[in-house]
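Position chains B, C, D and E with the ligands relative to chain A; hints supplied.
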Amino acid sequence: MLIDPMDTQLPAEPVKAIERPQIVTQSLLYLDGVSVSFDGFRAINNLSLIIAPGEMRAIIGPNGAGKTTMMDIITGKTKPDTGDVIFAGEVDLTRLDETAIANLGIGCKFQKPTVFESHTVEDNVDMAVKADRTVFGTLFQRRSAEIARRVDEILGIVRLGDHRKRLAGDLSHGQKQWLEIGMLLAQDPKLLLVDEPAAGMTDVETAATADLLKDIAKTHSVVVVEHDMGFIRELGVKVTCLHEGSVLAEGSLDQVSSDERVIEVYLGR
Amino acid sequence: MMLTRFLLEKIDRTGWIFLVLLALAAVMVPVLNLAVPPGSPFHVSNTAVSLWGKYMTYALLALAVDLVWGYCGILSLGHGAFFALGGYAMGMYLMRQIGPRGVYSHPILPDFMVFLNWKELPLTWWGFSSFPYALFMVALVPGLLAFVFGWFAFRSRVTGVYLSIITQALTYALMLAFFRNDMGFGGNNGLTDFKDILGFNIQSQTTRAVLFSLSVVALMIGYLLARAIVTSKAGKILIAVRDAEARTRFLGYRVEHFKLFVWTVSAVMAGIAGALYVPQVGIINPSEFSPANSIETIVWVAVGGRGTLVGAALGAGIVNFAKSWFTGAFPQGWLFALGGLFIVVTLFLPKGILGTFTDWWKRRGETREPPAGKAVGQPAE
Amino acid sequence: MIRRPGLVALLAALLTVVLLAPPSARAQDAAPLIQRMATETFNDIAGAVAALATSGSPRAAPVIEALRDNRLVYRQADRAVFIREASGSFVSALTGEPVTDAGTTRPVRLNNAVRRAIDAAMGALTLMNPDPARRAAAAEAVFKSRDASALPALEQAIGQERDARIRILMEEARAAVVVASPEANEADRITAIGVIQRRGDQDALRMLGSLPATAPPRVREAAESASVAIRRTLAVWEAVQNVWYGLSLGSVLLLAAIGLAITFGVMGVINMAHGEMVMIGAYTTFVVQQVLRTMAPGLMDVSLFIALPMAFLVAGAIGIAIERLIIRHLYGRPLETLLATWGVSLVLQQAVRSWFGPTNREVTTPSWMSGSFEVGHLAITANRLAIIIFAAMVFAALLLFLKRTPFGLQTRAVTQNRRMAGAMGIRTNWVDAFTFGLGSGIAGLAGVALSQIDNVSPNLGQGYIIDSFMVVVFGGVGNLWGTLVGAMTLGIANKLLEPYAGAVLGKILLLVFIILFIQKRPRGLFALKGRAVE
Amino acid sequence: MLDVKSVDLHYGAAQALREVSVVVEPGKVTCVLGRNGVGKTSLMRAIIGHQPISGGEILWEGRDITRMPPFERARRGIAYVPQGREIFPLLTVKENLETGFAPLKRADRTIPDDIFSLFPVLKDMLGRRGGDLSGGQQQQLAIGRALVTRPRLIVLDEPTEGIQPSIIKDIGRAIDYLRRKGDIGILLVEQYLDFAEELGDRFYVMERGRVVVQGLKGEVDRDALHKSMAI
Amino acid sequence: QAQETIKVGILHSLSGTMAISETTLKDVMLMLIEEQNKRGGVLGKKLEAVVVDPASNWPLFAEKARELIAQQKVAVTFGCWTSVSRKSVLPVFEELNSILFYPVQYEGEESSPNIFYTGAAPNQQAIPAIDYLLAEGVKRFVLEGTDYVYPRTTNRILEAYLLSKGVKAEDISVNYTPFGHADWQTRVAAIKRFGSTGVKTAVVSTVNGDANVPFYKELGNQGIKATDIPVVAFSVGEEELAGIDTRPLVGHLAAWNYFQSVDTPANRDFIARWRAFKKNERAVTNDPMEAHVIGFAMWVKAVEAAGTTDATAVRRAMIGIAVPNLTGGISTMMPNHHITKPVLIGEIQANGQIQTVWQTPGTVVAQEWSPHLEGSRDLIADHRAPMNCGNFNVRTGRCGGAQR
Ligand SMILES: Nc1ncnc2c1ncn2[C@@H]1O[C@H](COP(=O)(O)OP(=O)(O)OP(=O)(O)O)[C@@H](O)[C@H]1O
Ligand SMILES: Nc1ncnc2c1ncn2[C@@H]1O[C@H](COP(=O)(O)OP(=O)(O)OP(=O)(O)O)[C@@H](O)[C@H]1O
Ligand SMILES: [Mg+2]
Ligand SMILES: [Mg+2]
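If you read the protein sequences in the order shown, they are chains A, B, C, D and E. Each residue of the first sequence is one higher than the one before, starting from 1 at the first, in the numbering used here. Each residue of the second sequence is one higher than the one before, starting from 270 at the first, in the numbering used here. Each residue of the third sequence is one higher than the one before, starting from 651 at the first, in the numbering used here. Each residue of the fourth sequence is one higher than the one before, starting from 1185 at the first, in the numbering used here. Each residue of the fifth sequence is one higher than the one before, starting from 1416 at the first, in the numbering used here.
What the hints contain is simulated information worked out from the structure, not anything from laboratory work. We put the beta carbon where it would ideally sit given N, CA and C, even for glycine. Check the hints yourself; a few may be wrong.
What the hints assert, rightly or not - Okay, derived cross-link-like pairs now, SDA-like style, lysine to any residue, Cα gap no bigger than 20 Å in a straight line: (1) K631/B x R166/A; (2) K1640/E x R759/C; (3) K1488/E x P306/B; (4) K1693/E x Q601/B; (5) K794/C x Q1637/E; (6) K1179/C x A513/B; (7) K794/C x K1640/E; (8) K1353/D x S257/A; (9) K1053/C x R1312/D; (10) K1583/E x P1056/C; (11) K77/A x E514/B; (12) K1488/E x A598/B; (13) K279/B x D123/A; (14) K1289/D x P1056/C; (15) K1615/E x Q852/C; (16) K1179/C x T78/A; (17) K1353/D x E264/A; (18) K1422/E x P306/B; (19) K1307/D x K77/A.
As the list claims (entries may be wrong) - According to the in silico footprint, chain B covers these stretches of chain C (three or more CB under 8 Å from chain B): (20) 988-997; (21) 1046-1059.
Next up, chain A with everything else stripped away, as it sits in the complex:
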């Protein structure tokens, strides 16, 4: 009955007709000349960014620089007015919808934590675990030992094991953040987009998160947005600073944070 009308319409296969330069095909995520405006306000302005496979990248930038909007463009939530967004060297993300993008292996944690409030913590993770996502697949699917193990593992990582039977809606703000990180891990995507993971966490937890991300980055690509300089330092990766919708500076944290303009608009004196 459900023959994926959506998929026939939006081709998830690579767009073969176009020959792409090497720089594109070798990158995991390739943004070029992306712009988007809301009612005349340019939130993203001719932004270009390349993430290599296996790379972890930190993004910083003033409030309203367009970091979240950039994430939204990658996940398909916002459609750019102009520009290319190409994943894994061949898939044009601007032509796909959110589901298709997620199924390509792009997962994200939102700035504002969003979890399924009337499900238990455990079920939240369970739903995120990589498995068959079709209607009939889920209809007859039963929780395998494999999945159960994976859920346990993740709950352990995010330290919510004690809360597994509670409803996600009853969690505190910080716990929801953790849960969302857990769901992101469960998805096991190729590319993780993490928007302010350390917000609302204690310093120790922030450090733990940094370790966690570093660990993940060994096998995955990660883009992480944060305002916490300590956290960024801990990650020790290449940093991109956005400002008014385009790249202001890029390089190691030390390079970027000594950039006068970055200090001016972002770090303050």
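Relative to the frame of chain A, chains B, C, D and E with the ligands by itself:
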């Protein structure tokens, strides 16, 4: 077998009680009606059998509504349309069964076509003399309509009240269309004066009892199916869609497929309910499409307890029983009673009758409950 | 324009007909004619009226007028005919002298045939009336009756008429008489057809269409081509008319929906009792008129202006009561408001039914709101115009109130985030109650307007609730402008479809259109975009 | 001025606060610290009136406000910057700020200029809808909105979340400025320890719904603070 | 003692869309029963009214009918207004062999052994109205109706009749609007246009219920005068007019079998009793009420003649029963279960009353099977032995299958 396991695995205690009671009713009511003499205190009257049979079909309809509303957050103000379409399909079969026994003794055409001067049977009526075909249409027509409607609406991401209102527009448009005599479905009078079904006299008490049992069985199957769906992983995803649709998409689920699936299943259930309803009440006409009817169905579900399935069925029974009773007992003021009932239920039983009852039951079990009187601060809004 | 000499000749001819008629007929005494009215046979009465009108008797006007107003009676015993004066006393119809004892009397009865005769007669008799409205009416009456005997009077009236507008009417009436008159010569009739063509309305068409088949072919041809020309311009006007009807239907929809745009659109309460608030407004109008009728009949013409604030207050107060008793427990559970307000609507309906009875109640239309006038060939009915203006005023006032006062801001803040609004120091409970009261009050205002065009019955509200929801949703929930544009779009679309598809199919098409439209714009016409709505 | 006396708070059957007592004084910054889910936000909700308490009492300027609805408390000078911003999404930035006028006298209904000098971005975006702002901008708006009411107690629940470093510094300066005015009490929940330590005058550290460490700046042991925040 | 009463079922909607029309019928039945009890009841037993509310919901009509007959054991039921409600209960009455009195004019094409039709068949209302208009010189007709079976059937009959009277097909315009149609601007303008050809035009309205008030208000506002384009209506009575300012409508017509203004001693007495019963000096009466008065009187007479309330016996006794109607004549129950009625044409007056301007010299026998429709031309109904058939085909000589 796999199917039985799929259906029976997740039934909870309330569900078992419900199923057992229904099974008992399916067997006992016909027995008490047909075998026990009318004088006996155990006799179930003929009126009661057809009345309860009607409630059963309403309960199935409520179940269908609860499936989409309670679990997927789709507030359908148009489920009456699927119910009525199923009913019309059955009604057309029953009309064709009359054959030349109509008042005008026309060999083929139903009476209303004769006196409105139709010359031949319209295309839409073809095949309805065959019972299997009619049964097929009972499921197909509502299902197909729901599928097409849902396919467009869910793909366009119509949600919330917007979806509710276009479902209402759908049923309203169908009502107006079926009112039109030109449509060839009997106009305002609808289809009535049925004679027999599969060769059995529709007015005989045995047929009635059988129809009652069939309705109960349909309700049981509907419940099992709905329960299996909502307790499966797909069911969890439906609830996730209800809570945070966008987030579900970012997890990689095709939200519109899940919605379309339950929506269509629910419409078919409603259609079957309608098909069982018609032979028992003896008439189907466009007022079944009226938006008010669909809203009433929502009200049954809310009264019984949204998102509980059993509660929805219970709500349908309770409200309709109240209605039957009130309209006879206080014909002048029954709307006060019914309206009052709705208000009281929302205010004092926020989770519906069943929801509140199970909460109370659960709380009784818990001993470490803090004394209720302890709250000193009032939640101010 | 009109060729004088020919007309004079015609007049002369007609006058000779009248003057040279047998003296008995002309000098016919009014008495037997009046006496003939004391009968049950309508045709006799009609005949007598026609004869009386041409008799030249001074009694003609008062007697015919009395008959028209149902004041002409006759004594059963001897069939003496009297006129009942406003004071209740009787005067003799023959002499106009007061009579002391009229005995048991029966009114002289009227039917349409008699009424037509009266209209024709009064036309001729009141052409010189000092009241311009009466003169205009008289000219119209002659136009319709095409009564040749009125021609001399008409000629004389045209000579004296100062008012250009009325003179045109009179000339048209004369033309009508001439066209219809078999005695008139061909050229005159064709000229007259020209006059009628310039009039160009439905009546003109009817006039031209009723030309007897015996008329000379040239005259018939002229009439035919004039008809075609009139039809052509009328077709254009018809389109304009349909748009106007659409506006008028749109403003009715707007009025019905705008209260809902607040309770549902702004507050998010699925308010199934909205229709009942409209109904309560209509019943308030009824009660106000009842009270005025007994206490101050002089104020009947301004009854609606008294009813408006009353309806606002009554419906608003009931709305506040509902909010305080029920809705306030349901914030955060929007879908349950549907159940509770459905219950409220049943209770209110039944309450009104028990209190006022199930049947329609009469709400009178003030004289300034009845009738119609024409702008070009666009017939504008006064009540529709009043409703359009009223709807526009309500809309503007509401918009200003919500956008320009602190209360409006607080309302929106409370509905967007009730807890936080409280933490900002906004009295959420007052704001909720007043907002719901405001929405209900406006529904009450709509009720006053709807009482002018629809049944005042317990079911009044039910007829509008579905349409109201459609309008609000179509326009985009929470956007007043959306409600306005939504109402007007649906109103006009409906009225443009209706002449072609018929009312039923037109409505179905409109519903299908709404369904399709929502696919294109899943959040209504004036959808809010951006992050804010997620 | 604010005296929270051994307050208990329940969510249904689960207890989130156990006999918590907190004192806030004018001209002082009172910091509440603790790990995720220990009950900091719950305590703020109790003070602001968003969640009924099941034991204890809350005194404000000597009066018992335990049963007062939130708007009454706001009218008595308590302002709240909630965790998660809670901006009115469809109101413009200007209108969001103006919601703070409700408890003010007509003459006072202006937006103080300080707010714009603290958060210049708000000035540029007065006409934009609150919900469209970026996370950090919303947080700035939430703080600005609370200041519009000219509060005598300002309750800040993790105010620096999502805000860029330069503005965090500005907020620190602003809090310092408010403190120095001397008549305003500041209750601050913070996870960002450096920030809290720099500003706080009095500290409360919570664990599982209880206050486990408390004391004035200087009195409390830094290590104890750090340890209590560890996992 | 409880067994000593005879129960009379009253099956009229007291809520919902039809309450507006049907509630008064319930009241008039209560009055008649009360009066009969004052006279000593029937067969020495008191009558007991059993009122239920089918709430304008057609399936509920069937349910309530079953409840009345099977549970309450009523001897007879007075009820229904719309055709669909009657169609809905018909199988129930036939199955349980009970009696229904149906008081409203309807489209005909039905004759059940268990139903007594005291309202008018089309030939007792519509056809005479057309005759009247034709006599007035009307040559062009707008048949304006609500889209349901009664107007559809009536209009089909009228069309056939008009054509047979030499009216040209292009001079007949048929149009239907939905139930509760409230915006009449377009339709009234169209009528105006249709009437502007110079040929005398009239509107025959089968517009139903609630839609009438806005229809007449619009007629008044757009200035359609009875002297130009008269409107003759079949379901507008004093009751409907009570909600309208009738001054602009003076002269428009209604065709029915009873008007409140009919000046006979019987009617004066009835109105007085009704007003006393309602405790309302201005309570109005209408045609279906009269039908119930006649029906009830007939039933009482039949029961007394049969000596029992047994349905079969009463049904047999009913045929031939004659009782005076309120307009000064005698109405008789014919073998086709319809009654003879006079036909009155009235004009609306400024005070909301309807004045009779024409009436049939005697009473008219109902043609339940219209001779103007193809399918029903050959059918007749005669519920007496030996025929015992509601749809006997005179051509084939057989009774149609509907009969059991
Ligand atoms: N739908 C919208 N309408 C109008 N403006 C918008 C919309 N969405 C985003 N913006 C604006 O675009 C800019 C970029 O927002 P974005 O959320 O991407 O910032 P950010 O870099 O994530 O900031 P932060 O660090 O505060 O989270 C902001 O100025 C915001 O106000
Ligand atoms: N609405 C609620 N319903 C039920 N339990 C809740 C609710 N809100 C919070 N809780 C629980 O109460 C406890 C305290 O939560 P609270 O939000 O006060 O923590 P917090 O200290 O503010 O944490 P964070 O640093 O993560 O914001 C947590 O265990 C949380 O799961
Ligand atoms: Mg951001
Ligand atoms: Mg917190």
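For each hint, the structure was consulted:
Under the criterion of a C-alpha separation no larger than 20 Å, the hint pairing K631/B with R166/A is consistent with the structure, at around 16 Å. The suggested pairing of K1640/E with R759/C holds, with an alpha-carbon distance near 18 Å, which does not exceed 20 Å. Using a Cα cut-off of 20 Å, the hinted pair K1488/E and P306/B holds, with the two alpha carbons roughly 18 Å apart. In summary, the hint linking K1693/E to Q601/B is supported, as the alpha carbons are separated by about 16 Å, within the 20 Å threshold.
Restraint check: the Cα-Cα separation between K794/C and Q1637/E comes to about 17 Å, which is no more than 20 Å; the hinted pair holds. Between K1179/C and A513/B, the direct Cα distance comes to roughly 18 Å. Compliance with the 20 Å bound is thereby established for this hinted pair. Restraint check: the Cα-Cα separation between K794/C and K1640/E comes to about 12 Å, which is no more than 20 Å; the hinted pair holds. Taking the CA atoms of K1353/D and S257/A, the gap is about 16 Å. The hint holds against a cut of 20 Å.
For the hint linking K1053/C to R1312/D, the alpha-carbon distance of about 16 Å falls within 20 Å, and the restraint holds. For the hint pairing K1583/E with P1056/C, the CA-to-CA distance comes to about 68 Å; that exceeds 20 Å, so the pair is violated. The suggested pairing of K77/A with E514/B holds, with an alpha-carbon distance near 12 Å, which does not exceed 20 Å. Among the hinted pairs, K1488/E with A598/B is consistent with the structure: their alpha-carbon atoms are about 15 Å apart, no more than 20 Å.
A hinted pair counts as satisfied when its Cα atoms are at most 20 Å apart, and K279/B with D123/A qualifies at roughly 16 Å. Only pairs whose Cα atoms come within 20 Å are accepted, and K1289/D paired with P1056/C is accepted, the gap being roughly 13 Å. The suggested pairing of K1615/E with Q852/C holds, with an alpha-carbon distance near 14 Å, which does not exceed 20 Å. The straight-line distance between the Cα atoms of K1179/C and T78/A is roughly 11 Å, inside the 20 Å bound, and the hint therefore holds.
As the CA atoms of K1353/D and E264/A are separated by approximately 13 Å, the hinted pair is consistent with the 20 Å bound. Pair hint K1422/E plus P306/B does not hold up; C-alpha atoms about 25 Å apart against a cutoff of 20 Å. Distance restraint check for K1307/D and K77/A: the Cα-Cα separation of roughly 28 Å exceeds the 20 Å cut-off, and the hinted pair is therefore not satisfied. Check on the region 988-997 of chain C: 9 of its residues sit with their Cβ under 8 Å from a Cβ of chain B, so the three-residue criterion for coverage holds.
For the region 1046-1059 of chain C, the proposed coverage by chain B is not satisfied: 0 residues have a C-beta within less than 8 Å of a C-beta in that chain, short of the threshold of three.
This entry does not satisfy hints 10, 18, 19, 21, going by the numbered hints stated previously.
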